[in-house]
Every structure is written in C-alpha cells, then in structure tokens.
Amino acid sequence: MRLLPGIFGTEFNPPAPDKRLFGLRAGQMRSYPDKIGHNAGWYNGRGEKIGWGDLSREDALCIRSQLMADEIFIILSESESFWAFAKTIGPTGGQTTTEPREAAPGIDYVVAHAFMVITPDGCYGVSDDGRRFSSSGWRIISREELRGLLKSEI
Numbered sequence: 000m001r002l003l004p005g006i007f008g009t010e011f012n013p014p015a016p017d018k019r020l021f022g023l024r025a026g027q028m029r030s031y032p033d034k035i036g037h038n039a040g041w042y043n044g045r046g047e048k049i050g051w052g053d054l055s056r057e058d059a060l061c062i063r064s065q066l067m068a069d070e071i072f073i074i075l076s077e078s079e080s081f082w083a084f085a086k087t088i089g090p091t092g093g094q095t096t097t098e099p100r101e102a103a104p105g106i107d108y109v110v111a112h113a114f115m116v117i118t119p120d121g122c123y124g125v126s127d128d129g130r131r132f133s134s135s136g137w138r139i140i141s142r143e144e145l146r147g148l149l150k151s152e153i
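Quick note on numbering that gives the first Met the number 0: the sequence shown kicks off at 0 and runs consecutively.
Please keep in mind that the hints were generated in silico from the structure rather than gathered at the bench.
Heads up, some of the hints might be wrong.
What the hints assert, rightly or not - Lysine to aspartate or glutamate pairs mimicking DMTMM-like chemistry, simulated, CA-CA at most 20 angstroms apart: (1) K86 / D69; (2) K34 / E98; (3) K150 / E98; (4) K18 / E70; (5) K150 / E77; (6) K18 / E57; (7) K150 / D107; (8) K86 / D120; (9) K34 / E10; (10) K150 / D127; (11) K150 / E47; (12) K34 / E47; (13) K34 / D69; (14) K18 / D33; (15) K86 / E101; (16) K150 / D53.
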C-alpha cells in the first residue's frame, strides 16, 4: 500500500519534486477557480490521515489516473480533519495542538465527514442530500455507498 501516513511529507519538509506521489505535497496551496478543497485532510481507506492541503480539479484527475486498484483517496474539510481535533488553539493552525486521534480517526469518522472520494473508477462528491458538488459534474454518492467502496477496497 502506497497511501501511508507521511507519504506527502510535511509542510516544511516535502518530498523531492520527482518523488511526489500524484505530484502532491503536504500543505500545498491551489487557487480558484479550480480549487476544490482548502487545507483539506487526505485519508486512506483505513481512516488514516495521509496528508493535507489544497486540491484542484487537476489534482483530483491526476490522483484518479494514478491510483492502484486497491487504493482509495478520501477528502475531508479542514474543519473536520483538523479543527475538530484541536486541543489548544494557537494564533495559526501551525501553533495549534491537536488530539492524537487526528492522525487516524478511523473509518467511521472518515465516512461520516467525507465530502469527496477518489477511486480508480471516478471522482465522487459525498452527500446524503445530493446538494454538495451538484454543479461539479461528478457523481454524488451517499455515505452508505462510500462505506461499500471501503469494504470492497480493504
């Protein structure tokens, strides 16, 4: 499995450009109008945080095209992947301390809070009411469908 914690380095210690899986690095920034996640948390199918940063539509398509058959890339918002675990809030996120569970909140947490998932078969918005990502052109899947994808990937 390639999608392991730390694979994308840290904000100030990224992997070398030629070693970046999907071309991503922790803490990366993207700009609108193609930005689809600001400081989003990136997770594997085991509910482990593997990185964080902005993502663009181009990033999502690159991830999709390079994922292996047994891999899944799950995206949570900044608030659900970082601030929900804050213990002591500092003036910036880098000066905030978080609960240890932030690193691996588990499958149930990730399913409950995911807003996007990428598999080798597609990029999907995750919503139980179908409203989120309705204009993206991406198929919307429910949390139940996401859980089914995880069972088939693990």
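Hint check results:
no. : hint        : verdict
1   : K86 / D69   : violated, 34 angstroms
2   : K34 / E98   : violated, 28 angstroms
3   : K150 / E98  : violated, 27 angstroms
4   : K18 / E70   : holds, 18 angstroms
5   : K150 / E77  : violated, 25 angstroms
6   : K18 / E57   : holds, 18 angstroms
7   : K150 / D107 : holds, 12 angstroms
8   : K86 / D120  : violated, 38 angstroms
9   : K34 / E10   : holds, 18 angstroms
10  : K150 / D127 : holds, 19 angstroms
11  : K150 / E47  : holds, 15 angstroms
12  : K34 / E47   : violated, 23 angstroms
13  : K34 / D69   : violated, 26 angstroms
14  : K18 / D33   : violated, 24 angstroms
15  : K86 / E101  : holds, 11 angstroms
16  : K150 / D53  : violated, 27 angstroms
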